[in-house]
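**Q** What follows is the residue order along each chain.
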Amino acid sequence: DQQVKQNSPSLSVQEGRISILNCDYTNSMFDYFLWYKKYPAEGPTFLISISSIKDKNEDGRFTVFLNKSAKHLSLHIVPSQPGDSAVYFCAASAKYGGSQGNLIFGKGTKLSVKP
Amino acid sequence: ETGVTQTPRHLVMGMTNKKSLKCEQHLGHNAMYWYKQSAKKPLELMFVYNFKEQTENNSVPSRFSPECPNSSHLFLHLHTLQPEDSALYLCASSQGFAKDYGYTFGSGTRLTVV
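Residue numbers (our numbering), protein chains in the order written: chain A, 934 to 1048; chain B, 482 to 595.
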C-alpha cells in the first residue's frame, strides 16, 4: 500500500517551459515533504522541502505547492533547463506516527527537458 | 572524503555467495539508513540505525543482515540472495528527523544476483 504516489512515470518538456511534477499522499500524519533529484549512477540529492504549515515554498526556479485538503503536492520548475533532466522523487515524513520520522518515497518521475 | 561513500559501486554475485555492502559517512550524523531501489518501485526503506542501535527493520528477509559498528559505518551483509534482490542499494545518513535535517544519500551499490 503506497503512502506516497507519483502517478506519472515520465514527463517531457521543452526547454524554457514550465515542468510540473505531481505527488499524492495518503497518510494524514505526514507533516513534512521533500523533493529529491537523482541523476543516473548517483544517489538522490535534496532539492526543496515544505512543512505542512505552509502551502508554498520557493527556491530560485523551483517552487513546491502543498494542498493539504487534497493531500497533493507539486513541484514547479520554471524555466526548465536541459540540466534538469533527471528522476524526481517525492518524499514525506511524519515526526509522530507509524513512520517515526523516516522518509517515505514515491516511485519517481523521470523528467526530460528537450533543447 | 566528505559526504556518504558506498562501496562497491557495482556487485555481481551468485545465489550461494556471501558478500557485504559498505557505507561510510563523514558528516557527523547520528542516523544511517539502507534503502532499496528496484525498477518501477519506490525507494523502499530497509533498516534504520540511530546512535548505532537498530530502530527499524521494515520486514526485510533475513538473507539481508545489517551491521552498524559505529555511527559512521554501516554494512549490509548478503547471503543466499535471489535474482529478485537485484536492485540499487542506497545508504543515507541524517542528523535527526528528516523534518529537521533531511537525508544525505550515497551513490549506491548496483547489485546483480545471478
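Certain hints may be false.
[Claimed, not checked] Mimicking SDA-like on lysine to any residue, the simulated pairs with C-alpha atoms at most 20 Å apart in a straight line are: (1) K521(B) to P1015(A); (2) K522(B) to E975(A); (3) K521(B) to P489(B); (4) K1001(A) to K1043(A); (5) K522(B) to P973(A); (6) K938(A) to M527(B); (7) K938(A) to L526(B); (8) K1043(A) to K522(B); (9) K500(B) to E565(B); (10) K522(B) to K1001(A); (11) K500(B) to T585(B); (12) K499(B) to Q576(B); (13) K938(A) to V594(B); (14) K521(B) to K1001(A); (15) K938(A) to V595(B); (16) K533(B) to T959(A).
Since the hints were made in silico from the structure, they are not lab data.
**Q** If a hint holds in the structure, say so; if it does not, say that too.
**A** So, going through the hints one by one against the coordinates:
no. : hint                 : result
1   : K521(B) to P1015(A)  : violated (23 Å)
2   : K522(B) to E975(A)   : holds (17 Å)
3   : K521(B) to P489(B)   : violated (23 Å)
4   : K1001(A) to K1043(A) : violated (25 Å)
5   : K522(B) to P973(A)   : holds (16 Å)
6   : K938(A) to M527(B)   : holds (19 Å)
7   : K938(A) to L526(B)   : holds (15 Å)
8   : K1043(A) to K522(B)  : holds (13 Å)
9   : K500(B) to E565(B)   : holds (16 Å)
10  : K522(B) to K1001(A)  : violated (25 Å)
11  : K500(B) to T585(B)   : violated (24 Å)
12  : K499(B) to Q576(B)   : violated (31 Å)
13  : K938(A) to V594(B)   : violated (28 Å)
14  : K521(B) to K1001(A)  : violated (26 Å)
15  : K938(A) to V595(B)   : violated (31 Å)
16  : K533(B) to T959(A)   : violated (31 Å)
In this structure, the earlier hints numbered 1, 3, 4, 10, 11, 12, 13, 14, 15, 16 are contradicted, and the remaining ones agree with it.
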